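*Asks:* Order-wise, the sequence lines are chains S and B.
For the first sequence, this note's numbering begins at 131 and goes up steadily by one.
For the second sequence, this note's numbering begins at 66 and goes up steadily by one.
By construction, these hints were calculated from the structure, which means they are not laboratory data.
What you are looking at is a predicted structure, and each value in this text was computed from that prediction instead of being measured.
The beta carbon of each residue, even a glycine, is placed where N, CA and C say it ideally should be.
Mixed in with the good hints, there may be bad ones.
[Said to hold, decoys possible] Estimated spans, in silico, between C-beta atoms of each pair:
(1) B:N126 / S:L197: 49 to 55 Å
(2) B:L186 / S:L190: 51 to 57 Å
(3) S:Y296 / B:D90: 39 to 45 Å
(4) S:Y296 / B:N126: 35 to 41 Å
(5) B:Q128 / S:L190: 48 to 54 Å
(6) B:A140 / S:V397: 56 to 62 Å
(7) B:G209 / S:M231: 31 to 37 Å
(8) B:F204 / S:L197: 30 to 36 Å
(9) B:N122 / S:Y296: 40 to 46 Å
(10) B:A140 / S:L190: 41 to 47 Å
(11) S:I282 / B:K68: 55 to 61 Å
Residues per chain are reported as follows:
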Amino acid sequence: MSFGLIDILQSLIDGILFGSIYALIGLGFTLIFGAMEKLNMAYAASSIGGAYVGLGLATLFSLPLFLVFLIGPIAAGLISILVYLVSFRLIPSTNHLGSLMASIGALFFIDEVIIHETQGSPLTFPELGIFAEAYFMLGDLGFRGDLIFIMIFGLISMGVIIYLLYYTRLGLATRAVSQQNVAARLCGIPIHTINISTFVLAGILGGFAGCMAAASVGVISPLLTIPITIKGLIAAVIGGLGSIRGAIIAGLMIGGVENFFLLVRGVNERDIYVFLLLFVFLVLRPNGLFGNEINRD
Amino acid sequence: MLKIKNIGKNFGGVKAVDDLSFNVDKGEIVGLIGPNGSGKSTTINLICGVFPVDFGNISVNEQNISSLPTHERVASGISRTFQNIRLFKDLSVWQNIWVALQQDSDQSSGWMREWFGNSKLQKEKIKEILVFSGLGDRFDDLAGNLSFGEQRRLELARAIASKPKLILLDEPAAGMNSDEVADLRQRILDLKKLGLTVLLVEHVMELVMNVVDRIVVLNFGKKIAEGSPENIQNNKDVQKAYLGGA
Numbered sequence: 131m132s133f134g135l136i137d138i139l140q141s142l143i144d145g146i147l148f149g150s151i152y153a154l155i156g157l158g159f160t161l162i163f164g165a166m167e168k169l170n171m172a173y174a175a176s177s178i179g180g181a182y183v184g185l186g187l188a189t190l191f192s193l194p195l196f197l198v199f200l201i202g203p204i205a206a207g208l209i210s211i212l213v214y215l216v217s218f219r220l221i222p223s224t225n226h227l228g229s230l231m232a233s234i235g236a237l238f239f240i241d242e243v244i245i246h247e248t249q250g251s252p253l254t255f256p257e258l259g260i261f262a263e264a265y266f267m268l269g270d271l272g273f274r275g276d277l278i279f280i281m282i283f284g285l286i287s288m289g290v291i292i293y294l295l296y297y298t299r300l301g302l303a304t305r306a307v308s309q310q311n312v313a314a315r316l317c318g319i320p321i322h323t324i325n326i327s328t329f330v331l332a333g334i335l336g337g338f339a340g341c342m343a344a345a346s347v348g349v350i351s352p353l354l355t356i357p358i359t360i361k362g363l364i365a366a367v368i369g370g371l372g373s374i375r376g377a378i379i380a381g382l383m384i385g386g387v388e389n390f391f392l393l394v395r396g397v398n399e400r401d402i403y404v405f406l407l408l409f410v411f412l413v414l415r416p417n418g419l420f421g422n423e424i425n426r427d
Numbered sequence: 066m067l068k069i070k071n072i073g074k075n076f077g078g079v080k081a082v083d084d085l086s087f088n089v090d091k092g093e094i095v096g097l098i099g100p101n102g103s104g105k106s107t108t109i110n111l112i113c114g115v116f117p118v119d120f121g122n123i124s125v126n127e128q129n130i131s132s133l134p135t136h137e138r139v140a141s142g143i144s145r146t147f148q149n150i151r152l153f154k155d156l157s158v159w160q161n162i163w164v165a166l167q168q169d170s171d172q173s174s175g176w177m178r179e180w181f182g183n184s185k186l187q188k189e190k191i192k193e194i195l196v197f198s199g200l201g202d203r204f205d206d207l208a209g210n211l212s213f214g215e216q217r218r219l220e221l222a223r224a225i226a227s228k229p230k231l232i233l234l235d236e237p238a239a240g241m242n243s244d245e246v247a248d249l250r251q252r253i254l255d256l257k258k259l260g261l262t263v264l265l266v267e268h269v270m271e272l273v274m275n276v277v278d279r280i281v282v283l284n285f286g287k288k289i290a291e292g293s294p295e296n297i298q299n300n301k302d303v304q305k306a307y308l309g310g311a
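Same shape as in the complex, but just chain S (with noise of 0.2 Å):
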């Protein structure tokens, strides 16, 4: 096998734009530990679901492709809710460990109830109209238009949840839901409704990031859920939980690992690498790149 400098520019230049879904994903896993220090590793699967509703809807009332990318997000929103309701809500928020077996569960039933209703079968989805047919050169680079919109998209929505957790009353009253939640509640928080607000939140980010992933390959798969979720995962981990801006990075950085050794090592062994870029970050660096040592009484 043999390749160029231009083919390593290149696959770096597809792997971080294909990384913004990652970094998506990311950034829900880092939003829901920040709120409440737990993992909800059904996440990932509620976006696929999501976007498996918004193409299931506008396939059944024949509505315009375009609006799966309306729908779809706020399924995953809607499905979040559920999610939180069921592992976390009911479960007392002092068992760390099952809320996160809770939410495994959630994960799995999410995916089997994917599987009985498509027997199994991947579905093709539709792509995001001019997003997808749009393709940027410059020199001998090539950027596709679909991957560029998710990655403007995950941007802003960094920006957007920055100036919501650190400049609104609702943000603050997130953040210190996790950092007292005793003295939170005796503010007069509300805090299921915090949390609540921050799975919708998250869900309707995870929805997009879900299918806009599954656009950007042209089907929809039940397959799709668990390398999502543990790229998201990883990426947040790497990133530092908790840390919105790390998320993000993390999430693009993976994507261009991914795809860097993609190209040199092949199909088969990219992900080992990605493993391996994790190991080295739990080792060096645990709390990940911009992580906060965690101090809690």
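Starting from the known structure of chain S, arrange chain B on it as the hints suggest.
*Replies:* Okay, now just chain B, sitting in the frame of chain S:
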């Protein structure tokens, strides 16, 4: 104001609070004292709903609050500080107050304005509370960067921000020197002047005896005495409980 009727709480068979009843009248400062492990903090936690009572009733202004979630008890006029300081350390001083600040009930502001509204409109009010609490010059600092004494004052300020009628102080003098205790005493009296009712859990007798109107003494989760500071100081049961052998 606050009526506690036959409340009980067990932790794994241990009766932390056992058939406890007492009242706190409007505008009163009541001290809740007792040896370590006598159930004082548990009582406070039960009043503000950190965990539910196993038996009995707690009411504020004739409203039974025993089964309300904590944030709704705040709406009924309860507020508190903590024995081990629980500030939002990564938020600035004014943001700690903003989070706790309750909307004026006469002002029908919707949830949109409550959660997404502009902080500028409320900065005056926040400033006022901070100046009252002696933190006027610490407005923009991070709560985690305040000194120990300032953190205690900020906790008190945050407790006031939720517009309580009844404020529960859980060992506010812990770790303070006598100058700071004197300052704290004045602040508690200021609360009374504002018309607030205070329930004070405290070990520092120098503070308790000089600020409260009435004292309730607990031992092993039960009330063993109640009365004026003078009466309590001369009470044989209380002396026995503190000196051991009870």
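*Asks:* For each hint, tell me whether it holds in the structure or not.
*Replies:* How the hints compare with the structure:
1. The given range of 49 to 55 Å is respected by N126 of chain B and L197 of chain S, whose C-beta atoms sit roughly 52 Å from each other.
2. Distance hint check: the CB atoms of L186 of chain B and L190 of chain S are about 47 Å apart, inconsistent with the given range 51 to 57 Å.
3. Taken as a hint, the range 39 to 45 Å holds for the pair Y296 of chain S and D90 of chain B, whose Cβ atoms sit roughly 43 Å apart.
4. Checked against the given bound of 35 to 41 Å, the beta carbons of Y296 of chain S and N126 of chain B, roughly 37 Å apart, stay inside it.
5. Taking 48 to 54 Å as the suggested C-beta distance range, the pair Q128 of chain B and L190 of chain S conforms, at roughly 50 Å.
6. Taking 56 to 62 Å as the suggested C-beta distance range, the pair A140 of chain B and V397 of chain S conforms, at roughly 58 Å.
7. A hinted range of 31 to 37 Å for the beta carbons of G209 of chain B and M231 of chain S is consistent with their spacing of about 34 Å.
8. Separation of F204 of chain B from L197 of chain S is about 48 Å and departs from the stated range, judged on CB atoms against 30 to 36 Å.
9. With their beta carbons about 42 Å apart, N122 of chain B and Y296 of chain S fall inside the hinted range of 40 to 46 Å.
10. Between A140 of chain B and L190 of chain S the Cβ separation comes to about 44 Å, which falls inside the hinted range of 41 to 47 Å.
11. Distance hint check: the CB atoms of I282 of chain S and K68 of chain B are about 60 Å apart, consistent with the given range 55 to 61 Å.
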